[in-house]
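If you want the building blocks of each chain, they are given just below.
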Amino acid sequence: MSLRIVVCVKYVPDATGDRHFAEDLTVDRDDVDGLLSELDEYAVEQALQIKEAADDAEITVLTVGPEDANDALRKALSMGADKAVHVEDDDLHGTDALGTSLVLAKAIEKTGYDLVVCGMASTDGTMGVLPALLAERLNVPQVTQLSEVSVAGGKVTGRRDGDTASEQLEAALPAVVSVTDQSGEARYPSFKGIMAAKKKPVESLDLEDLEIEADEVGLEGAWTKVDDATERPARTAGTIVKDEGEGGKQLAEFLAGQKFI
Amino acid sequence: MAEVLVYVDHVDGAVRKPTLELLTLARRIGEPVAVHLGAHADEAAKVLAEYGAVKVLAADAPEFAEYLVAPKVDALQAAYDAVSPAAVLLPSSAEGKEIGARLAVRIGSGIITDAVDLEAGAEGPVATQSVFAASYTTKSRITKGTPIITVKPNSAAPEAAPAAGTVEQLAVTVADSSKGTKIVSRTPRESTGRPELTEAAIVVSGGRGVNGAENFPVIEALADSLGAAVGASRAAVDAGWYPHTNQVGQTGKSVSPQLYIAAGISGAIQHRAGMQTSKTIVAINKDEEAPIFELVDYGVVGDLFEVVPALTDEVKTRKG
Ligand SMILES: Cc1cc2nc3c(=O)[nH]c(=O)nc-3n(C[C@H](O)[C@H](O)[C@H](O)COP(=O)(O)OP(=O)(O)OC[C@H]3O[C@@H](n4cnc5c(N)ncnc54)[C@H](O)[C@@H]3O)c2cc1C
Ligand SMILES: Nc1ncnc2c1ncn2[C@@H]1O[C@H](COP(=O)(O)O)[C@@H](O)[C@H]1O
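In the order they appear, the protein sequences are chains A and B.
In terms of my numbering, the first sequence has 146 at position 146, counting the first letter as 1, and numbering is strictly consecutive.
In terms of my numbering, the second sequence has 1073 at position 73, counting the first letter as 1, and numbering is strictly consecutive.
These are computed hints drawn from the structure, not numbers from a lab.
Among the hints, a few may not be true.
As the list claims (entries may be wrong) - Only pairs whose alpha carbons sit at most 30 Å apart, straight line, appear in this in silico DSSO-like list of lysine-lysine:
id, chain 1, residue 1, chain 2, residue 2
1, B, Lys1286, A, Lys259
2, A, Lys249, B, Lys1279
3, A, Lys242, B, Lys1319
4, B, Lys1144, A, Lys110
5, B, Lys1182, A, Lys51
6, B, Lys1286, A, Lys242
7, B, Lys1319, A, Lys106
8, A, Lys225, B, Lys1253
9, B, Lys1319, A, Lys259
Please read these numbers as outputs of a predicted model, since none were measured by experiment.
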């Protein structure tokens, strides 16, 4: 039987661009170019490696996001994923983590899955909670923050490097995993991959398809509210000296003045 | 007064500093009730009481160490049911966030992660967050259910406020569905004897400019002279010069010390994301155009192999 892998990928504003908030205090997606979250490239890569090691597997990439999020799906398809699902609905604007997890969970169930692979965190929200939320909603094991992962014999195993210990984890499928940027560099799409991606199917779903009411998601349905967003004032220009043999001493003088020594 | 649940982060009963910060913040919105999972609750309770815990709900079960995250969610949910708190606070570690998130689904509440400050508000606790690599500061609150908030280390100075800290046993049943992810083995991290990166008052980090694992002792010597923790950029970690646990930045640790010293680090946005909220920032870099200099309070344009050892000597001399 084919191993059904669903990779959750997010379309995010480029972190190296000038990111801002829109007037309704949601992330402004118009000003800055968007792309497939770099941390989700690691998820796609691990899914591809799991597929390569399996007899028979199929990878679906899934995103919840605006029309342009299609770019993120195309990138993942050009890396080698087989097909894509795009959940898109005007009522989704402003959805928070709990709402997104509801939508993703329904879309994953509708698609059918043995393994869900996520990135460790999105590069815009940086919450790192979606994988745990999905495991809870889908009622399957959570095998998260892995820097090493493999699937064999209906089981997923991996290494989670935590703050105080490194743990070896194991769970039976179906399961939700997330992988870190320590899991191995993501491949670049080949020319052939980019051409092939153009012909791969992208299924579009809206809230009605997933039997979700508009008021369960979006800005109105959100479980959290941002009341204020203020741009951090630029740090006042500091003192910069050129080392001409005295740099270490000058620095010590500064630190002593600040009472660090 | 309303009770506020505080999830205790500890290693064998030794309470970690971020928990003391949580207790301090919890007192701004109510009476802290600590939730201690695992052994040595009595030992932990002494410290928890000193920092304001009126009560310590304690549960120990082998499942907490045998399975990942979910059994702890069962326990925290039991505490939630027992107390009906005004809010639930957890440390912003990977595990703290995951426990908080799963509890949020179960009790139908919203969650805010990575708060850097917390205060009482007319419509519930208001969390301050630092977003987009610390280029924005936001204030948010939870609009549905009981606020669940995870707080970053070094967000508040722990203040002692002695309270009863009575230990009460919490009855916990770990559901079968919470035993899905087995922890097959666990290798504790070896202590370096230096302060924890996220808790340290001073952090000294080295980047690609350090140019080899064999040169990292230059960074460590400066750190030791200042009693600081050692950090590294991802470039230094990826090159295998320093362990990943010491990485500062978006995919490493986020630090907010009183003093951050960056040596041989260019200051890429992903690195900034993990250190930009430091109070005082100092950099040593031989390229005067390096973006890190946009952030510094004091910068030295020069070779780190000249400047850092000279600084270390000077610190030692001054400290006597
Ligand atoms: C998704 C993603 C996540 C990332 N997460 C992180 C993260 O968590 N943390 C992180 O740090 N990076 C992260 N990065 C990588 C980041 O983009 C940069 O590549 C990285 O921070 C560069 O490290 P560096 O400053 O040490 O190296 P470089 O950018 O190569 O800079 C080295 C600096 O050292 C200086 N130098 C060289 N020799 C000397 C000398 N002898 N004396 C003084 N100065 C010298 C040079 O002038 C230069 O400025 C991430 C990237 C991505 C895409
Ligand atoms: N809108 C989304 N669409 C698809 N996947 C997502 C979305 N948001 C988050 N994810 C997945 O969840 C992971 C963690 O995201 P977060 O909890 O938002 O930091 C990401 O790396 C993605 O794999």
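> Would the pair Lys249(A) and Lys1279(B) pass a check requiring their Cα atoms to be no farther apart than 30 Å?
Replying inline: Between Lys249(A) and Lys1279(B) the Cα gap is close to 21 Å, so the pair holds against 30 Å.
>> Given the hinted pair Lys1182(B) and Lys51(A), is their Cα-Cα distance within 30 Å?
In response: With a Cα-Cα distance of about 23 Å, the restraint between Lys1182(B) and Lys51(A) holds, given a limit of 30 Å.
>> Against the 30 Å threshold, does the CA-CA distance of Lys1319(B) and Lys259(A) hold or violate the hint?
In response: holds, 12 Å
>> Holds or violated: Lys1144(B) and Lys110(A), Cα atoms, limit 30 Å.
In response: holds, 27 Å
> Can the restraint linking Lys1319(B) and Lys106(A) be considered satisfied, given a maximum Cα separation of 30 Å?
Replying inline: violated, 62 Å
> Does the alpha-carbon distance linking Lys1286(B) and Lys259(A) stay inside the 30 Å limit?
Replying inline: holds, 26 Å
>> Check whether the Cα positions of Lys242(A) and Lys1319(B) lie no farther apart than 30 Å.
In response: It holds: about 25 Å lies between the C-alpha atoms, which stays within 30 Å.
> Are the Cα atoms of Lys225(A) and Lys1253(B) separated by 30 Å or less?
Replying inline: Distance of about 26 Å is within 30 Å: holds.
> Going straight from one Cα to the other, do Lys1286(B) and Lys242(A) come out at no more than 30 Å?
Replying inline: holds, 9 Å
The structure shown violates just one earlier hint, number 7.
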